[in-house]
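Visitor: Chains as they are written, first to last, in my numbering: chain A, 1 to 282; chain B, 283 to 566.
There's no promise every hint is true.
Straight-line distance between alpha carbons at most 25 Å, and here's what the computed PhoX-like set of lysine-lysine pairs gives [stated by the list, open to error]:
1) A:LYS135 to A:LYS224
2) B:LYS452 to A:LYS10
3) B:LYS373 to A:LYS195
These are computed hints drawn from the structure, not numbers from a lab.
In case you want the letters, here they are:
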Amino acid sequence: MRTTSRFTSKAVVNGVLVVGLLYTLLPMVFLVLAVCKTPGGILSGDVFSLRELDPLGNLRALIHEDGGIYFRWYLNSILYAGVGALVAGIVCAAAGYAFDKYDFPGKERLYALVLVGVLIPGTATALPLYLIASKIHLVNTVWAVLIPGFVSPFGVFLARVFSQAYVPGEVIEAARMDGAGDVRTFWRIGLPLLKPGVATIMLFTFAGIWQGFYLPYIMLSDEKLYPASLGLYIWNAQSSTEDPAMASVVFVGSAIVILPVVAAFISLQRYWRAGLTSGAVK
Amino acid sequence: MSPFFVLFTAVTLIPVGYAVYLSLYRTEASGLGFGGAVDVFVGLGNYTRTLGDAVFRSGFAHVAEYGIVYVPVMLIAAVAAALLLDSALAKASRFFQLVFFLPSQVPGILAAIIWLYLYTPHVSPVVQWLTDLGATPNLNHPAWSVPAMANVAVWQFTGYNIVIFYAALKAVPREVIEAAVVDGAGEWRTAVGIKLPLIGPAASLAGMMTLVGVLQLFNEPLVLGSIAPGSISAVWSPNLYLYNAAFTDNDYAAAAAGSILLALLSGVLSFVVIRLTRRWRDLA
Chain A
1 MRTTSRFTSK
11 AVVNGVLVVG
21 LLYTLLPMVF
31 LVLAVCKTPG
41 GILSGDVFSL
51 RELDPLGNLR
61 ALIHEDGGIY
71 FRWYLNSILY
81 AGVGALVAGI
91 VCAAAGYAFD
101 KYDFPGKERL
111 YALVLVGVLI
121 PGTATALPLY
131 LIASKIHLVN
141 TVWAVLIPGF
151 VSPFGVFLAR
161 VFSQAYVPGE
171 VIEAARMDGA
181 GDVRTFWRIG
191 LPLLKPGVAT
201 IMLFTFAGIW
211 QGFYLPYIML
221 SDEKLYPASL
231 GLYIWNAQSS
241 TEDPAMASVV
251 FVGSAIVILP
261 VVAAFISLQR
271 YWRAGLTSGA
281 VK
Chain B
283 MSPFFVLFTA
293 VTLIPVGYAV
303 YLSLYRTEAS
313 GLGFGGAVDV
323 FVGLGNYTRT
333 LGDAVFRSGF
343 AHVAEYGIVY
353 VPVMLIAAVA
363 AALLLDSALA
373 KASRFFQLVF
383 FLPSQVPGIL
393 AAIIWLYLYT
403 PHVSPVVQWL
413 TDLGATPNLN
423 HPAWSVPAMA
433 NVAVWQFTGY
443 NIVIFYAALK
453 AVPREVIEAA
463 VVDGAGEWRT
473 AVGIKLPLIG
483 PAASLAGMMT
493 LVGVLQLFNE
503 PLVLGSIAPG
513 SISAVWSPNL
523 YLYNAAFTDN
533 DYAAAAAGSI
543 LLALLSGVLS
553 FVVIRLTRRW
563 RDLA
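So that you can see chain B by itself, here it is in the shape it has in the complex:
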């Protein structure tokens, strides 16, 4: 197991440590303009500078909007589909699960590209259908572009969670369900009254994991920004902002500080995940 920890240290702990180090310094040209650059210790200066940038802060607001659309839709659809598949009424549940699961194995960037074309007027049948229904899709407006990005993620990850929730449902003791049926509970009552509370822990864990993922949003705005320049800028999400800080502005200090902030926020969310699900698990 030591090789694992050598590698784990090399690819996780050292980079994070180095990023912390970089985030505390600023490279400045020395006083007279020659003699090369020097690293100046600026303490938390890069953090206040990055947090002080309204563009960086707006990135968090953007992914929050995106998360508010994506997370509930995905979770409700996944729980509902898992309950439907688990009910005695559904046919061919293995086949349905398999098909629902497959989009999660499509590389995210290619999923974004395929949907990009499905969102492009004059190419996409979908835009045509929406127009026929009387809607006027306009990706340059956030009311359309945010749900459009959320839809890519819903398409990709609902099925993945359906499989997990379905497995959790299968772990519910059959006697519990049979007892309910004997007591005269129908499919609907069993699903809502008995099964739903029992997959609560799995659903809350999946929800929190999804939230952590939402913070990292990158592919969808990167790809869809090309047809929606009016609503998705090149620095729309925190990760896009950091990418630009590092590779367009060559401001490694700001990129490092921002990465640490983002990782800290992810860490806090993960901690909340563990705490919340522990309480849920004890209850269950």
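One chain only, chain A, in its complex shape:
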């Protein structure tokens, strides 16, 4: 009797999880199918029938749309997210390391400010950022999108946690005894020990900038500077009124934007799980 009821609960638990899985996958499956369909096939309503397939035609349309500007947008995305993640990774590591290893007046007060920064969503400061950027004539330049990406209070928080865990105080002391300066100690000893932490911070910052929309949306008006998701939004906004065939171009473009981040998160599970977990049990 008891085994039957255990079997039933097992079936219910896993059944509920599978339903959740189907819900999660539905939009992704829809996207994949839409990528494969001809424009007429998407808008005819029977996405799940495997007729009217033409993925290569859609890809070709994407490549030729607007003189191939999509790939310029894609490179812009890589530039914004790549440079942003690189700089933020090192800057946050240095700041978190300093918070952990040094004592200076007002330290905890400054750290409290960082924690407040973690709680302020990026969209809340975007409009003020636009106002100041327009004052100093940085609006509609690469810098308007790049510079805000360098700052990640959450990254500083993670770096402090990682520094406590991975950089033993004695090693730093020993380096100091040997006459190494602060900067040298950080570069030669602190940073290499913090590598897994820096990788986690870079992954989160890269993904954050890659996903960002509001900041580039308000900062950039020159379409040559758009990141891919902004360009796709603009195309989509045009397609509902002017050109239904644009929908399939938007689908292919979206899939190419989503794919690398999903691949990165599948292959780098060790890093983001570490990041989320330290956030959860702080």
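Assemble chain B onto chain A, guided by the hints.
Guide: The following block gives chain B in isolation, referenced to the frame of chain A:
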């Protein structure tokens, strides 16, 4: 660490300070209509003007409706899924977590666009299924458009919180759970009686963070407004209103004042987060 604070100041404190400054002035054409514009100090005038606009205030009512649908659904689903995954009955919990987590890494604007098509009649199988079930989906009515927007966020962020709650559950000492099992508590009793209270702090923190995010709603109404002009206007949420104030009306003073108000409200909510979770953490 000083480079961090230079940057932090440059991208957070200075813009906010400048927005405060802008929000206290109003640009007016000088008396005779030539000689250029002058900035006139108006004190809190822009604040009373922005707060006095019923459209701005209705934006807060709209995101509140949205939050009332989104936050409980998301949190309950995330807690329930985390408890299910943590129970001895679930199989392949790492795999489930990974799949549930992935939507949070889809750029929000693209998630909104994909769901836009899933909400479009004659394109979407989902609308067809709902119709077959006897419903009459109508995005031009708030009863449909608000849950539709909430659904995009539920889809995106439930999995993210599942991973966090699951990690919090793993931090529950195994002895506590084993003791309960020895005392004869079944899976259900252990989950509800022991585990649920122990992840309370993590859940309340996530809930409050989500609320702060709700205030910033922008992408979903921006995208879904195109097929639901009857219920989602171009100034539906506070952020959409401020965007229009800045870029359609070129009223930077109002946009600045509104941004400060929104940031203050976010700050108050964040403060509540810290206070509440501190009390919870001390209890736990």
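Visitor: Look at each hint and say if it fits the structure.
Guide: Hints, one by one, checked against the model:
1. Of the supplied pair hints, the one linking LYS135 (chain A) and LYS224 (chain A) holds, its CA atoms being roughly 22 Å apart against a limit of 25 Å.
2. Restraint check for LYS452 (chain B) and LYS10 (chain A): satisfied, since their Cα atoms lie roughly 20 Å apart, inside the 25 Å limit.
3. Using a Cα cut-off of 25 Å, the hinted pair LYS373 (chain B) and LYS195 (chain A) is violated, with the two alpha carbons roughly 33 Å apart.
The earlier numbered hint that this structure contradicts is number 3, and it is the only one.
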